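Number of protein chains: 2
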Amino acid sequence: MAQTLQLLVPIAGIVAILFALYLARDVLSRDKGPQAMQDVGDIIREGADAFVKRQYTTIAVLAVVAAVVIGIVIALVENEAVADVPKLAGAPIGALTAFAFLVGAACSMASGIIGMTISVRSNVRTAAAARRSLVEAVQVAMRGGAVSGFLVVALSLLGVWGIFTLYQALFSDIGIEQAPFLIVGFGFGASFVALFAQLGGGIYTKAADVGSDLVGKVEKGIPEDDPRNAGVIADLVGDNVGDCAGRGADLFESTAAENIGAMILGVAVYKIASDAGWANPEAWIFFPLVVRAFGLLATIVAVAFFIRGKEDEDPMNILNRGYWVTAGLSVVGLGFTTYVMMQTGTATGANGMPAWLWFFFAGIVGLLTSVAFVYITQFYTAGGFRPVREIAEASKTGPATNIISGTAVGYETTAVTAITIGIALIASHWLGEQAGLVNTKTGANVGGIFGTAVATMGMLMTTAYILAMDTFGPITDNAGGVAEFSRAEAGAREITDRLDAVGNTTKALTKGYAIASASLAAFLLFSAYIDKVNLILGNQIEAGKQGVKLLTSVNLANVNVFVAALIAAMLVYFFSSLAIRAVGTTAQAIIVEVRRQFREMPGIMDYTQKPDYARVVDITTRAALREMVAPGIVAVAAPIIVGLLLGYEAVAGFLMVGTIAGVLLATVLNNGGGAWDNAKKYIESGNLKDENGNVLGKGSDAHAAAVVGDTVGDPFKDTAGPSLHVLVKLIATITLVLAPLFIR
Amino acid sequence: MAQTLQLLVPIAGIVAILFALYLARDVLSRDKGPQAMQDVGDIIREGADAFVKRQYTTIAVLAVVAAVVIGIVIALVENEAVADVPKLAGAPIGALTAFAFLVGAACSMASGIIGMTISVRSNVRTAAAARRSLVEAVQVAMRGGAVSGFLVVALSLLGVWGIFTLYQALFSDIGIEQAPFLIVGFGFGASFVALFAQLGGGIYTKAADVGSDLVGKVEKGIPEDDPRNAGVIADLVGDNVGDCAGRGADLFESTAAENIGAMILGVAVYKIASDAGWANPEAWIFFPLVVRAFGLLATIVAVAFFIRGKEDEDPMNILNRGYWVTAGLSVVGLGFTTYVMMQTGTATGANGMPAWLWFFFAGIVGLLTSVAFVYITQFYTAGGFRPVREIAEASKTGPATNIISGTAVGYETTAVTAITIGIALIASHWLGEQAGLVNTKTGANVGGIFGTAVATMGMLMTTAYILAMDTFGPITDNAGGVAEFSRAEAGAREITDRLDAVGNTTKALTKGYAIASASLAAFLLFSAYIDKVNLILGNQIEAGKQGVKLLTSVNLANVNVFVAALIAAMLVYFFSSLAIRAVGTTAQAIIVEVRRQFREMPGIMDYTQKPDYARVVDITTRAALREMVAPGIVAVAAPIIVGLLLGYEAVAGFLMVGTIAGVLLATVLNNGGGAWDNAKKYIESGNLKDENGNVLGKGSDAHAAAVVGDTVGDPFKDTAGPSLHVLVKLIATITLVLAPLFIR
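As given, the protein sequences belong to chains L and P, one line each in that order.
According to the working numbering, numbering within the first sequence proceeds without interruption in unit steps and concludes at 744.
According to the working numbering, numbering within the second sequence proceeds without interruption in unit steps and concludes at 1488.
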């Protein structure tokens, strides 16, 4: 039974891809609206395609170079480290790692490119659908978004499963307990692509947004998305390349890295299971993949059958309904999988309860944590609650108090975030410990850490759905732009405005979800790193190398570890500084060009001349690609330099403290930015009043102050924050792959 | 010889206090200028005295309550933990800790109150001296500031030495190796007072600054420090209570905590020295105090003889000259002290070099680090360099880009800060290891960590001088205000303006210095915490308690430690959020009152009515004292809760990661704020030009944008940042004192 269940992984992966293709066909077959809409849609599509082509060409070149370097370095170092251990020396480790890296990079690129191709075609169709029906518009946008969601999760699942299976088939001397270590290259490849995709896309989108707004809205006083603004198309393109392609790459990486990390932790349980003679010990290694497969199936059901509702319903309700269906079915799948795969013979855990039940509870903790984050993010960034109201009130005394207040809110959000993560970790660790998975040789209880792995898996079961909701955001944002730009009828614009507001919320939710998963994953990947280091050290001990001891603890009181931790905490600030500055530099280039067009083409303002949109798109593309290099290199180089200078124990400290610092700073940036954004919207909706009860709406000084806050928040929440998610996971995969380099 | 040298501690302390009294008398005997100046001076003095009286009354009550609680808790818990160990059980540990706490609190309060009393009397005398001579004005301000500097360092030295000597004299069963642990209460008392002094003062000063500027400068368009602004006196009072009393308490705490931490580390060396039969083993424990005594003497020479120069000289040169004299004499004192006190008989360190020489080098590393920080801070916050220029340029496109750019600069400054600290730690640790202080029983080389202690001591030798320069800042700032307010002659105002600019630089330097010392100290206090925990665990083992093991490493892979680290990193954001919000709330109260006065007393604008300054001072006082409570309680409670819930190893992780996160966030806030401030000044000095070469000065849109950045930076750099310094050291002393509570 447990073995049959393993087959579900390729089956669910392929079904999900087929379903994504069906959704793509369905979306593409829909009405594209009147010619004016189609024209705008075409311009956006061309701009996005051009950027993505150039961006992914650059990334592909970088990835191939990196793969070659990694392959050679690993071959040199790891063969030396494990030279006398026949089990691993039989396989060409360097080549296998490099190949896995390339496959990971390719899958990530493929899901990004295809997903975006669909999303830039869904926008105009959503706008067209909005001319007829709200529900139809929701369906088009959600189905377009789901293409990304399914591709990301399915390709990552199939990639990990495929390489795992392939390597075991090709090299008979690779045991199942070594195989997970050989596929970490896949995760590294995915992180590598994600880093540049998120940085390049994030810089593009916010530079275009800030740059065109500063000239159009602030200097010329014309509305957002006005066709007279030469930067407007770049702005619309940016929504796709940043929010959509960037976040897809981010979650592709999460999915891959966390699957691999959980499989590595499964190895420890596998050893106990084989020693004890339980049936199907390898089920403990495959478990993470099977759980994710059930998550995919649950999402297919939700997207296919539950995205429907009434015309006068709040569109958020429709999306929420689908989410709860996904989560509910996931619980069932989780229970079934743990029951089938976590059989421990006659052994039971604490209170005589079976091990699988304890792990099922741990998985529920993970699911609940993701739900908690959905509500936490809403409280801090949605208009009705205290934080956003506070920022709006502070806007009355000008931009300075708006910024001070927003900063305080951003900082404040770390409290409930950290406490929730802390509770989830301790609870799932405790539940795992109760399962009673004790290694009889060493006396170590490996259930605790595996419990946190199961919680992570539980949380990630709904990834495809969350990602679909996330991509819903840029599609509806674009649909609104298309409607405005093509001067569509008022009814359609009203619907796209409502969807856009919902899209802002779903985008914020995804960030909360991404943060939560990154933090749980951190602890998991950290443990995987320690396991990997000990695998190498163990080989050295077996080979008779003198003075080698296993790494049983990471000692913060060691000066090298402390300094590495300090450098890691610094890295997240420094990296964010580079990312934020890159937005500023790129925006400056756009501002100069848009101003030039207004000055040299005086007919633009009275619609007698058409601005040169393509030129702005081109300038933004070049600047964003140039600016993504520096932060990217810093992120890749820092852990390697620390490892080479300070050693493998210091790297563990680097990893742990870097994760903590990165997760918290990302929380500050994402939530602060989201709150500023919605404080502006709160004022625009007429909710702010002066002491005499008069509404302070659009055009008031308070609104101008709130616009400043919104602009400040843009690079925080859409460039630096999301890039930090990637950074956190990148340092984990990079050190996992290069661990042999840090061991002398 | 080594024993004679120990006598230098009380002698230098008393000499420094006498010298401070001489300086105070000298300053007070000077000319107070015309009646108009004296009137303003009187109002400021009354406001400051009123605030300090109420603030310190509140703090005193809190401190007495805390002392009683601490005494009782420690008595209950520690006696239980060490019940069967006669050596310590003979002394009433709870009472001794509580007494030390009260003495520490009292000394800190005394140095704060006396220092401020002099500084609010120096301002008017500096303004009066500026009517005659630049050099005389520098002398008055520097001497007034030096009163604080000497009192802080001397009282902390005498306090630690006095309690240490007293406890040994009173209880013959307290060995010299236990005594340092009993005086940690002194450090805790100092931290406790510092926390509230810095928070209350920081909130007061920035709320008054922001509040009166927003109404006066922005709404009414009248200059800063204009007598028509009802908030102006509160602003001038704020400079004294925040910058002067707050920073004094901050550095008093540093001095005390670091002395005690270094003495605790000296205990480990003492044991080696006694086992090996070296002469004067207790010299290793007294060493930190003797080095500091030499630092005091060096500063006396510099202040007495080297604060002089030419009328047309840059005043910064005069102050720098004094600093270099202090640093140079400190090197001599350091060399002499290490040579006399660090004698190891015939044993030598690496390369056959004597131990004292290696430690002398480690001390030099500390001195060089403090010099490096002086230059780093200048690069990032002074007008001539790239960072400030970048912010000024960004102001051309409005407040949003100004804020984005300033944030990027603030984040960027963490890089060089962390790398410098890392190099200092690793270098001094390495140098200390070379000294060859190996415990023959355990094989542990205790020299490394003692090397970092010596580096910290080296860095802190110049504290009194640095603090004098720091207090120079608020005195000259106030002198400028007094000159403006009393409409003094242009020549005097020109001189006070020059001094004010220098004061801004020295204030920024002190913050860099405080950060550097906090980070080095963190590693030291962290080690002291481990020593203390092991003292208790060792007692339990000696008493035959089962299952107890010494704490040899702090394992980040332990889930409790990881969660504690996460909470610690969160705490620094949450605490800053509360502090920043407190400024906003207090400023709001001031804005309402100043607006009311303008509205209800129409004669103010044409000078026919006098605003009610006292009322604003009173409102600010009450609001600031109310608002300091929440962040203060959070800071005190968090480490205790973590310790009780997660245990003593988790506390170690909390301490370490909290320090790292706190130091880096303080760097971001201090330097970002400083850079914004100086970007505004850069524009006001006419250095910013548009593309056609026209100056964009005061009154331009760029200047308005820079004012927004400056206002945002105010609570960052003068409330939250400095309060974080205190927080970092508070969590160290609090956990050091309460360690027995966390051991089950």
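Careful: at least some of the hints might be erroneous.
Said to hold, decoys possible - Okay, the calculated bits of chain L under chain P, using three or more residues with CB under 8 Å as the criterion: (1) 311-320; (2) 390-401; (3) 524-538; (4) 567-577; (5) 606-617; (6) 651-660.
Claimed, not checked - Below, computed lysine-lysine pairings styled on DSBU-like, alpha-carbon distance capped at 30 Å: (7) P/Lys1442 <-> L/Lys698; (8) L/Lys217 <-> P/Lys964; (9) P/Lys1293 <-> L/Lys549; (10) L/Lys220 <-> P/Lys961; (11) P/Lys797 <-> L/Lys689; (12) L/Lys441 <-> L/Lys310; (13) P/Lys1293 <-> L/Lys441; (14) L/Lys220 <-> P/Lys1293; (15) L/Lys217 <-> P/Lys1425; (16) P/Lys1293 <-> L/Lys217; (17) L/Lys220 <-> P/Lys1433.
Hint data in this document are derived by calculation from the structure and do not stem from the laboratory.
Remember, predicted model here, so these are calculated numbers, not experimental data.
No residue lacks a Cβ here, since even glycine has one placed at the ideal position from N, Cα and C.
Now for the hints, and whether the structure bears them out:
no., hint, verdict
1, 311-320, "violated (count 0)"
2, 390-401, "holds (count 6)"
3, 524-538, "holds (count 3)"
4, 567-577, "holds (count 7)"
5, 606-617, "violated (count 0)"
6, 651-660, "holds (count 5)"
7, P/Lys1442 <-> L/Lys698, "29 Å, holds"
8, L/Lys217 <-> P/Lys964, "28 Å, holds"
9, P/Lys1293 <-> L/Lys549, "20 Å, holds"
10, L/Lys220 <-> P/Lys961, "28 Å, holds"
11, P/Lys797 <-> L/Lys689, "40 Å, violated"
12, L/Lys441 <-> L/Lys310, "61 Å, violated"
13, P/Lys1293 <-> L/Lys441, "22 Å, holds"
14, L/Lys220 <-> P/Lys1293, "71 Å, violated"
15, L/Lys217 <-> P/Lys1425, "29 Å, holds"
16, P/Lys1293 <-> L/Lys217, "67 Å, violated"
17, L/Lys220 <-> P/Lys1433, "23 Å, holds"
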